[in-house]
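2 protein chains.
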Amino acid sequence: MPSYKGYFIDLDGTMYKGKTKIPEAAAFIKRLREAKCELMFVTNNSTKSPDQVAANLSNNHDILTAKEEVYTTALATADYLNQVADKQHRTVYTVGESGLNDALIGAGFTFSENNPDYVVVGLDSDVTYHKLEVAVLNIRRGSKFIGTNADSNLPNERGMVPGAGSLVKMVEYATQVKPIMIGKPERIIMDMALKRSGLKRDEVIMVGDNYNTDVLAGMGAEIDTLLVYSGLSTKEQVQTKAKLPTYQVDTLDDWKFE
Amino acid sequence: MPSYKGYFIDLDGTMYKGKTKIPEAAAFIKRLREAKCELMFVTNNSTKSPDQVAANLSNNHDILTAKEEVYTTALATADYLNQVADKQHRTVYTVGESGLNDALIGAGFTFSENNPDYVVVGLDSDVTYHKLEVAVLNIRRGSKFIGTNADSNLPNERGMVPGAGSLVKMVEYATQVKPIMIGKPERIIMDMALKRSGLKRDEVIMVGDNYNTDVLAGMGAEIDTLLVYSGLSTKEQVQTKAKLPTYQVDTLDDWKFE
Numbered sequence: 001m002p003s004y005k006g007y008f009i010d011l012d013g014t015m016y017k018g019k020t021k022i023p024e025a026a027a028f029i030k031r032l033r034e035a036k037c038e039l040m041f042v043t044n045n046s047t048k049s050p051d052q053v054a055a056n057l058s059n060n061h062d063i064l065t066a067k068e069e070v071y072t073t074a075l076a077t078a079d080y081l082n083q084v085a086d087k088q089h090r091t092v093y094t095v096g097e098s099g100l101n102d103a104l105i106g107a108g109f110t111f112s113e114n115n116p117d118y119v120v121v122g123l124d125s126d127v128t129y130h131k132l133e134v135a136v137l138n139i140r141r142g143s144k145f146i147g148t149n150a151d152s153n154l155p156n157e158r159g160m161v162p163g164a165g166s167l168v169k170m171v172e173y174a175t176q177v178k179p180i181m182i183g184k185p186e187r188i189i190m191d192m193a194l195k196r197s198g199l200k201r202d203e204v205i206m207v208g209d210n211y212n213t214d215v216l217a218g219m220g221a222e223i224d225t226l227l228v229y230s231g232l233s234t235k236e237q238v239q240t241k242a243k244l245p246t247y248q249v250d251t252l253d254d255w256k257f258e
Numbered sequence: 001m002p003s004y005k006g007y008f009i010d011l012d013g014t015m016y017k018g019k020t021k022i023p024e025a026a027a028f029i030k031r032l033r034e035a036k037c038e039l040m041f042v043t044n045n046s047t048k049s050p051d052q053v054a055a056n057l058s059n060n061h062d063i064l065t066a067k068e069e070v071y072t073t074a075l076a077t078a079d080y081l082n083q084v085a086d087k088q089h090r091t092v093y094t095v096g097e098s099g100l101n102d103a104l105i106g107a108g109f110t111f112s113e114n115n116p117d118y119v120v121v122g123l124d125s126d127v128t129y130h131k132l133e134v135a136v137l138n139i140r141r142g143s144k145f146i147g148t149n150a151d152s153n154l155p156n157e158r159g160m161v162p163g164a165g166s167l168v169k170m171v172e173y174a175t176q177v178k179p180i181m182i183g184k185p186e187r188i189i190m191d192m193a194l195k196r197s198g199l200k201r202d203e204v205i206m207v208g209d210n211y212n213t214d215v216l217a218g219m220g221a222e223i224d225t226l227l228v229y230s231g232l233s234t235k236e237q238v239q240t241k242a243k244l245p246t247y248q249v250d251t252l253d254d255w256k257f258e
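For the record, the sequence lines run as chains A and B. With the numbering used here applied, the first sequence has no gaps in its numbers, which climb one by one up to 258 at the end. With the numbering used here applied, the second sequence has no gaps in its numbers, which climb one by one up to 258 at the end.
No wet-lab data here; the hints were simulated from the structure. Note that the structure is a prediction, hence the values are computed from the model and not measured.
Heads up, the list lumps identical chains together, so a pair's fine if it works in one copy or across two of them.
No farther apart than 20 Å at their CA atoms in a straight line, the calculated lysine to any residue pairs in the SDA-like style are these:
id, residue 1, residue 2
1, Lys-5, Ala-26
2, Lys-131, Glu-97
3, Lys-30, Leu-64
4, Lys-178, Ser-152
5, Lys-21, Ala-54
6, Lys-144, Gly-159
7, Lys-131, Met-160
Isolated chain A (complex conformation) (with noise of 0.2 Å):
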């Protein structure tokens, strides 16, 4: 039986779908729990703080979750910045929102508008024409562009509202500039994932609903797969991939380890 020392988990479509619990959730962290491993919640999340996701798992879904084992993709592009960039250059201008705004405090970076280092551009509910088109001159001037993730659309009570790949597509089409992106599917999240834990690469298995986004992220950060089938992703999607996911399993119940 498969035995892991670490669980990077995504949420939306795992952990629950929107606003209803997914039953077997809070079972299978509680299992996790029980077995001493350690649990990391990835998300493409960029506006929420860990502190407003983990009260969400904790209140809302019944699973009582710390803020330290919550892992946003805010937190991943302060953690990628943190290692890339030098004492002096450390300035960044951003479209987002509070949850990447800390994020990027937190990692001792200071905003401007003029010249900045680096634009990050995240989902922001408040944009305007103006943040974009600050993100976008600076870039034409030379600041490193920097996209929180790709996706395109997200879920909310009003429909499959834009998301914040939409606005990193605009002001990738406005600048010719593509972005260094962060978030799944790409690895950036997935190697800072594994820093911050202190983990080996196959100590730890990537937990998700979405073949897109979770199995290929952690395919590219060679870590193994766990697809769940309570989301997004359709087995029939999935058998015509190239590559399969190490594990898949219709509900989290049916994951039996060590």
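Starting from the known structure of chain A, arrange chain B on it as the hints suggest.
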């Protein structure tokens, strides 16, 4: 010597460069008027009214222009929708400015945020996430998606700021729907300008400085083209193209006609 009844003429790069005069432009227009040619200024601008465009030419560039001689991509969008929409389906939601909205009102369209027949995306310097969300949700529910023009940037005093095309790309990525595009290099704006002029394809020539918009639009509509090297395209770029403009001149002074 070539003889055309009608001239479709680009603006920026052809009649002026930003706020700077192109000396040969006013003389060219004067010669065309003396020869009784019909003129139409065909521009991918969707934010300004024909009045405003004509006033700029008249007041700042010594090119006395009537508003009826200005054909914006906003007018082309309105003419196109007027042609394709039946009487029961004339509601529209726009991401755009007064130039676009006034043109649509002029064509008898009314505005709706809920299930409009058409969503038109153009340049909007007051764009917000809310406007983009309304556009995306409606297109995902079935509204037809129209883009005024694909320009990635436009020049202003701050630099090359995001153009209409960057907002169109954003909505395209969030809907995974390809828009019908109106402006140059598409042929729709040419076809609508032809219809408005009452002239035949072989009676008209498209004059502009940009191979990738002006010349391609003319070619697509089977209209002869005159490329003038006063703006964006260079001879080096153009000579590598598989299909050349009908005519090329260094300045509009070099254009001789009957």
